[in-house]
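Protein chains: 2
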Amino acid sequence: MTYKYKHINLTEGFISFINDHQLLQAEEPVLLAVSGGVDSVVMCSLFHEARLHFAIAHCNFGLRGQESEEDEAFVHTLAQQYQVEFFTKRFNTKAYAKTNKLSTQMAARELRYAWFKELCNIHQIDKLATAHHANDCLETVLFNLTKGTSIAGLHGILPKQNNLIRPLLFASKENLLQYAQAKGLSWREDSSNKQDDYARNLIRHQVIPSLKLINPNLESTTNLTIDRLSQVEKLFNEQLENIRKEIFFQQEDIHYILIQKIKEKPWAAVALWELLKPFGFNFLQIKNLLHPSVQIGKSVYVDNYQLYVDRTTWMLTDRKQTTVTSKHIANEKIKNINFLGKNLQLQVIPKEIYQITHTNEIAALDLDKLQFPLTIRSWQTGDFFYPLGMLKRKKLSDFLIDQKVPLVLKQKVCVLESKGQIVWVIGYRIDDRFKITDTTKQIYELQLTSFSKS
Amino acid sequence: MTYKYKHINLTEGFISFINDHQLLQAEEPVLLAVSGGVDSVVMCSLFHEARLHFAIAHCNFGLRGQESEEDEAFVHTLAQQYQVEFFTKRFNTKAYAKTNKLSTQMAARELRYAWFKELCNIHQIDKLATAHHANDCLETVLFNLTKGTSIAGLHGILPKQNNLIRPLLFASKENLLQYAQAKGLSWREDSSNKQDDYARNLIRHQVIPSLKLINPNLESTTNLTIDRLSQVEKLFNEQLENIRKEIFFQQEDIHYILIQKIKEKPWAAVALWELLKPFGFNFLQIKNLLHPSVQIGKSVYVDNYQLYVDRTTWMLTDRKQTTVTSKHIANEKIKNINFLGKNLQLQVIPKEIYQITHTNEIAALDLDKLQFPLTIRSWQTGDFFYPLGMLKRKKLSDFLIDQKVPLVLKQKVCVLESKGQIVWVIGYRIDDRFKITDTTKQIYELQLTSFSKS
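Sequence lines, in order, name chains A and B.
Going by my numbering, 291 is the number at position 291 of the first sequence; the sequence numbering is gapless.
Going by my numbering, 13 is the number at position 13 of the second sequence; the sequence numbering is gapless.
Zero decoy hints are in this set.
Coverage of chain A stretches by chain B, computed from C-beta distances (three or more under 8 Å per stretch; other residues unrestricted):
| # | region |
| --- | --- |
| 1 | 224 to 231 |
| 2 | 265 to 278 |
Calculated cross-link-like contacts (lysine to aspartate or glutamate; reagent style DMTMM-like; alpha-carbon spacing at most 25 Å):
| # | chain 1 | residue 1 | chain 2 | residue 2 |
| --- | --- | --- | --- | --- |
| 3 | A | K392 | A | D368 |
| 4 | A | K369 | A | E332 |
| 5 | B | K277 | A | D20 |
| 6 | A | K327 | A | D368 |
| 7 | B | K263 | A | E238 |
| 8 | B | K160 | A | E264 |
| 9 | B | K212 | A | D197 |
| 10 | A | K234 | B | D227 |
| 11 | B | K245 | A | E241 |
| 12 | A | K298 | B | D20 |
| 13 | B | K335 | B | D368 |
| 14 | B | K263 | A | D20 |
| 15 | A | K263 | B | D20 |
| 16 | B | K261 | A | D20 |
| 17 | A | K265 | B | E241 |
| 18 | B | K261 | A | E246 |
| 19 | B | K234 | A | E264 |
| 20 | A | K160 | A | E49 |
| 21 | B | K263 | A | E241 |
| 22 | B | K335 | B | E352 |
| 23 | B | K234 | A | E241 |
| 24 | A | K234 | B | E264 |
| 25 | A | K261 | B | D20 |
No lab work stands behind these hints: they were computed from the structure.
Beta carbons are placed, not taken as given, at the ideal position from N, Cα and C, and that holds for glycine.
Could you put the whole structure together from the sequences, leaning on the hints where they help?
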């Protein structure tokens, strides 16, 4: 993918490129995706010249009538010339596109790669090669830049992605055409190529020719630029993982982001954006959240997520999970119950042997005061109870404010009810009316635990 | 420099941009560079609307005869309208360009910034503002990409560089034109703008219009992309400094690069390239040096530097400094002498009180066996001596091989001569013929030290 492949002949460049990027092991067979266009025809010739083992696969998408049939026949003949295995398949592309609500282009893409994968499996071929070249790569970079991109959009097309290899990326379209002409190869012109999609056409036929007036070696220069930028990207990704380990952690179903540690860094926005992108946040939202004017207590809602800004930390919760449909505890024999990623262990214990533990995670109640079935539900406006140790009733909303429960946690608070009366604000405080007294005989103990995260 | 400035009016965008990037302190005066073109005319209007303190500076490069005079008069009038201070200066640009062998464009640039700097000093103005906008920035990025670039070439034009600020970078050329028209501003068309330079013209009039057909918001999208990439660049630079501290060190005038520590990293080439760029190395040279096929002992020569590949380390030396013109020690009273960044301390000590130190940095010789003046010179092919402890003469080249002196150090080896005989291979071994014996009366001690690096 670098400049050095420019001055030597194409076959040598091809072999160097394969070696430098470790695309193939010796004697390893490769399935070549061959449309019959000049790029894939040159690829076959190079594999043949380099004495590599290959088979040819051709997709007939049936989109251009007689032309499609002729393409298939052409590639079949090519395979016979090289005396290699030939696979072909006809697809009903239009029907697939319609059924799956895809563009014809996307449908063809899906069908193609699914079939290639199947072929590789059946014939025990580990590598699939496509004929993408330096101009395809350059077009992709310019397209990404035009549409807006992160650093990842600038590495263009990679030489190797899982079992897919692109051994022609070192060469420009011009190099391939020159080679094809010099070798007297014949190929099929794809009439659909010329219409192609609008954006790629503009880039290919308007933008790149202008840029080549400034730099005639644009493709090889860009290959070098991409090589540098993709290395910067790798270092960036390595650091991003370190940052993630340092500032991200998850407890139950809340993600905590310790932004205090990085918020003054000049790269804070891009790092947080990369880390929060999977949740649907965009760069500008992150920039705005980092703005010094942002108030503590601010919340941002994106897709299914809510991000809550606390003093030193951002808290991220899944909004879908924040309300719980009522759950019932039928009787005192039920041993445990799950809700909101948490688990309640339930047991009845004679008072004589009970040892009180002072923790909010355990509620010890007077069994005789309870009336089954008990209900677990999300708290709601208007709820009130008698917090343990207080003699008068209190609005639950006021109680949660007093306890300084952050918004993201507040939304997840559930209550345990007995006959419409709140018995326990789960994980926070039991109700004074249901506490253990001298007259208690049996204790109903509820212990809150999280699922262990494996 | 971000998308959010798009939907609000230009003055608000201008103020937000200045605040977000902390371009100015409250009440701080700014010198505006005003050509009289639409960009700088809009800049004046925005500074006026935002009630900022400013003065106007206009350069008359005298390149377009009457037009240049009219431009100057126009900007003068503009300053009068805003009731701000006006500075102007005429330059003999062509003569300056000729004398300094510069293009007219580069000459104008040098003259302009030198004069602005002078003005700022005289009038105690700390900030200079130019009217670069988002399209200038976009053009720069596309130009750098076309010519090949590192990550640094993708940050485009920075909002702030030392005391130079660009407060219009948030706005596109189109935004500025719309504002000028809406405000009924008048401005001067610069006929030279239309010819401009070839590359910029192609990008401005051919490339960008095509890309805008794909993305009509190209300028603001690119501003966001640049913002992200420049943050990646900052994180990269931070890491680069860490890598430098870990693997680079200098001893005397040799740079040692402990490549062992990073050579397997996927970002090794780009990091080493950034670190070695100041010495003249290009990316491809670094890639080739990292190739597994590179032999230990290989040397690469670039500009004035030589890079020598050792097993775990690269050694970098300045080739200019590797030979020393002969230096002479006139007599035994000389106390010290410098050569190749090293220092020799010289003294005569009676044998009775002399304490021998066994180190290669100190030579203890029999004074009576020496004949002044002594000479220090680089070693040369054909040199031989009698290494201490050996009874037969040895070629110096063989001695240095036996001692496994790496190539970069070998070139710097100097010898001390007395009447054509080698007395000391400085820093390695004395000659057996000049050693101290039982009959020695006075010892001539030479002690090798490096200059302390401050």
